[in-house]
Amino acid sequence: MDVLPRWADIVLIPLIGLILAAVLSALMIIASGQDAGEAIKLMVQGALGSTNGWGYTLYYATNFMFTGLAVAVAFHARMFNIGGEGQAMLGGLGVALCCLYLPLPHWTIALVVAIIGAGLFGAIWAAIPAYLQAKRGSHIVITTIMFNFIAAALLNYLLVGALKPAGAMDPATARFPEAVHLPTFQDMFSTADNPLFRGAPANVTFFVAVAACFAVWFLIWRTRLGYEIRAYGESESAAKYAGISPTKIIMIAMIISGALAGCMAINNVMGEAERLVLNSVEGAGFIGIAVALMGRNHPFGIFVAALLFGFLYQGGAELGLWTSIPRELVTVIQALVILFTGALDNMIRMPLEKLFLALRKKGATA
Amino acid sequence: MIEFLNLFSLPVLESSLRLGTPLLLACLAGLFSERAGIFDIGLEGKMLVAAFFSAAIAYSTESVWLGLLAGIGASMVLAVIHGLASITFRGNQLISGVAINFLAAGLTVLIAQTWFKQGGRTPSLPEEARFNALEFPGLDTIAAMPVVGPVLANLILGHDLLVYVAFAAVPLTWWILFSTRFGLRLRAVGENPAAVDTAGINVVFLRYMAVLICGVLCGIAGTYLATALQAGFVKDMTAGRGYIALAALIFAKWRPWYALGACLLFGYLQAIALRPDLLEAAFGFKVQVQLLDALPYVLTVVILAGFVGKAIPPRAGGEPYVKER
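These protein sequence lines are chains A and B, in that order. In terms of my numbering, the first sequence has 215 at position 215, counting the first letter as 1, and numbering is strictly consecutive. In terms of my numbering, the second sequence has 92 at position 92, counting the first letter as 1, and numbering is strictly consecutive.
In case anyone wonders, no lab produced these hints; they're calculated from the structure. Incorrect hints may appear among the rest.
Said to hold, decoys possible - Simulated crosslink set (BS3-like; lysine-lysine; CA at most 25 Å straight-line): (1) A/164 to B/117; (2) A/135 to B/253; (3) A/41 to B/253; (4) A/354 to B/323; (5) B/235 to B/117; (6) A/240 to A/135; (7) A/248 to A/135.
Unchecked claim - Just the calculated beta-carbon pair ranges, DEER-fashion: (8) A/190 to B/119: 30 to 40 Å; (9) B/319 to A/355: 26 to 36 Å; (10) A/4 to B/312: 36 to 46 Å; (11) B/164 to A/170: 37 to 47 Å; (12) B/284 to A/48: 55 to 65 Å; (13) A/49 to B/119: 35 to 45 Å; (14) B/181 to A/170: 55 to 65 Å; (15) B/204 to A/4: 47 to 57 Å; (16) B/115 to A/188: 41 to 51 Å; (17) A/240 to B/236: 19 to 29 Å; (18) A/274 to B/182: 53 to 63 Å; (19) B/230 to A/322: 29 to 39 Å.
For glycine and all other residues, C-beta sits at the position ideal for the given N, C-alpha and C.
Using the sequences provided together with the hints, build the complete structure.
Written out as structure tokens, the structure is:
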């Protein structure tokens, strides 16, 4: 029996977790001798106070939507895909290969091709651990962790070797051709006398990410496959009894998950850097875990949580720029969110359940 | 031929020992935890906080022993959080581990910046605030002996205390796990907690003990990194060692003596990655260091996939124990 009403489960519990994380972070700022109120003001101003700030916030949010969705799809099949980082790295490789070696005449075509390339490479990187889980029983969490490191080594190897243009010093590919330049928000929304989003990296990929949110929602709750994924996630034995093949679900869920993580590369590699650099993912694959937990594995929740983390990321960067608070504060907040909404979920849930039970009893006797 | 033998020269082997030490300590830490049924991917984070607090306290007090205590203490705080999340509140142990790694990565830089204001690092430690090579009486006469002299003096003797602690921990772990009542119960709790509970033994207590021992060992590992291997803390100085230790644990199939072998092997790979010139001389072509970096992970995946002997984890690993009501 569900003790908690639905709204408490999907809104109240993450909210309490978030508040706990925020309070602890504020205490930490105060303990370091800084003004917490001032810090929050600076974060809000820096992330939401200008179209430029918004441009960065939405850029980060785009990354986190992809990686958050990736984690969530795997979670629905009760798998913990911790390899979003590696899959996004490989996605970057796919994007770079498409943009550098295919003659792409226009950005619209380039976008479609890049989505295919990024998705394919990310999917392959997720498919190997999935296969090992399904067929050989090796734990997907451990293999995906290992694959993160293997991906990092592989990219490192390629970027100092084969992909580096001759004579270049830094480990990165050549710049992508002008034709594959994705329109940024500045290109799209600025007018001659009213420049908006100036210099901000947010680009058309944001809309791709929003479309991906819808697509995942449709897949999980409106298709037969989504039903099978959820059924498998709820109970493997029941799903088997209903004729659902575990191998098929593990493979498909992880391939979709990997493809989503890979697609993040359209935003950061193609949209922002316009070349593949070392460590381009910058931990976004791991933030996806926090985003998915916070968003309760629902695309809408993930959209909101990604915006929140985009705000934290941009606000944290501003803090690092203008105060002596390092941007690692964001890492701490992220850790606390994962802790409270993920691992310590029951710590919040148990007292709440008691409270709601007590309230219900009171309501019944009155 | 001589170029090939250079790959196993004394300096390389000695540096393998030194690089293998933190892996070994962390690996044994993971062994205790996972044998009791608590997955721990937070080894990295625990080592990192230990590295920072040991360096910070050793620098402030100029006592490496207080540094060691602080390192162990900090690591145990995170261990208790992991215990709370995975034992008391029956949360997801993997998610808790991820959170702990991020908490450590962020907190260490945050505190280091406020404390020392040097961009998230501690000042480098003076000689007296570090674990230095032990001075054995008559080391000079031993070193002067032909053939065995240099081996004894460089490879076996002449390390700091924590290296010997790490190597002594292997037989100790083996003895505790396989020859004591506590060890038997600890392993049983990782295989079938319900049976242990039926026998009237406290599952929660045993699992907390395992998690705390894991905290102590990770604390020593982190302290070794910051006060012996290097002189002071720098941001993210564990550099994935916690995950390599995890890989070694699987490679060793959750057994102490195998863990020693796996950690020495992975330590050797790290040592050889520092000397690409030797590799080039031995094989006649340039061996990419990045590929060597990936080798521990690739080996682990191969082992996990069961292509070379199957690695079977403790049966109740990762599952919170719920007493029947």
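Structure-based check of all given hints:
At most 25 Å may separate the alpha-carbon atoms for a hinted pair to count; residue 164 of chain A and residue 117 of chain B exceed this at roughly 37 Å. Restraint check for residue 135 of chain A and residue 253 of chain B: satisfied, since their Cα atoms lie roughly 20 Å apart, inside the 25 Å limit. Among the hinted pairs, residue 41 of chain A with residue 253 of chain B is inconsistent with the structure: their alpha-carbon atoms are about 52 Å apart, more than 25 Å. Between residue 354 of chain A and residue 323 of chain B, the direct Cα distance comes to roughly 19 Å. Compliance with the 25 Å bound is thereby established for this hinted pair.
Among the hinted pairs, residue 235 of chain B with residue 117 of chain B is consistent with the structure: their alpha-carbon atoms are about 13 Å apart, no more than 25 Å. For the given pair, residue 240 of chain A sits about 15 Å from residue 135 of chain A by alpha-carbon distance, which is consistent with the 25 Å threshold. About 11 Å separates the Cα atoms of residue 248 of chain A and residue 135 of chain A, which keeps this hinted pair within 25 Å; it holds. Range check, residue 190 of chain A to residue 119 of chain B: about 37 Å between beta-carbon atoms, so the 30 to 40 Å window is met.
For the pair residue 319 of chain B and residue 355 of chain A, the beta carbons lie near 28 Å from each other, so the given range of 26 to 36 Å is met. Roughly 38 Å separates the CB atoms of residue 4 of chain A and residue 312 of chain B, a value that falls within the hinted 36 to 46 Å. At about 43 Å, the beta-carbon gap between residue 164 of chain B and residue 170 of chain A stays in the expected band of 37 to 47 Å. One distance hint, 55 to 65 Å for the beta-carbon pair residue 284 of chain B and residue 48 of chain A, holds here, with the actual separation near 59 Å.
A hinted range of 35 to 45 Å for the beta carbons of residue 49 of chain A and residue 119 of chain B is inconsistent with their spacing of about 27 Å. Hint check: residue 181 of chain B to residue 170 of chain A, Cβ distance near 59 Å, so the stated range 55 to 65 Å holds. The beta-carbon spacing between residue 204 of chain B and residue 4 of chain A, approximately 25 Å, falls outside the hinted interval of 47 to 57 Å. Checking the proposed 41 to 51 Å range against residue 115 of chain B and residue 188 of chain A shows it holds: the Cβ atoms sit about 46 Å from each other.
As the Cβ distance of residue 240 of chain A to residue 236 of chain B is approximately 43 Å, the hint placing it in 19 to 29 Å is violated. At roughly 59 Å, the beta-carbon separation of residue 274 of chain A and residue 182 of chain B lies within the given 53 to 63 Å, and the hint holds. The given range of 29 to 39 Å is respected by residue 230 of chain B and residue 322 of chain A, whose C-beta atoms sit roughly 32 Å from each other.
Checked against the numbered hints given earlier, the structure breaks hints 1, 3, 13, 15 and 17 and satisfies all the rest.
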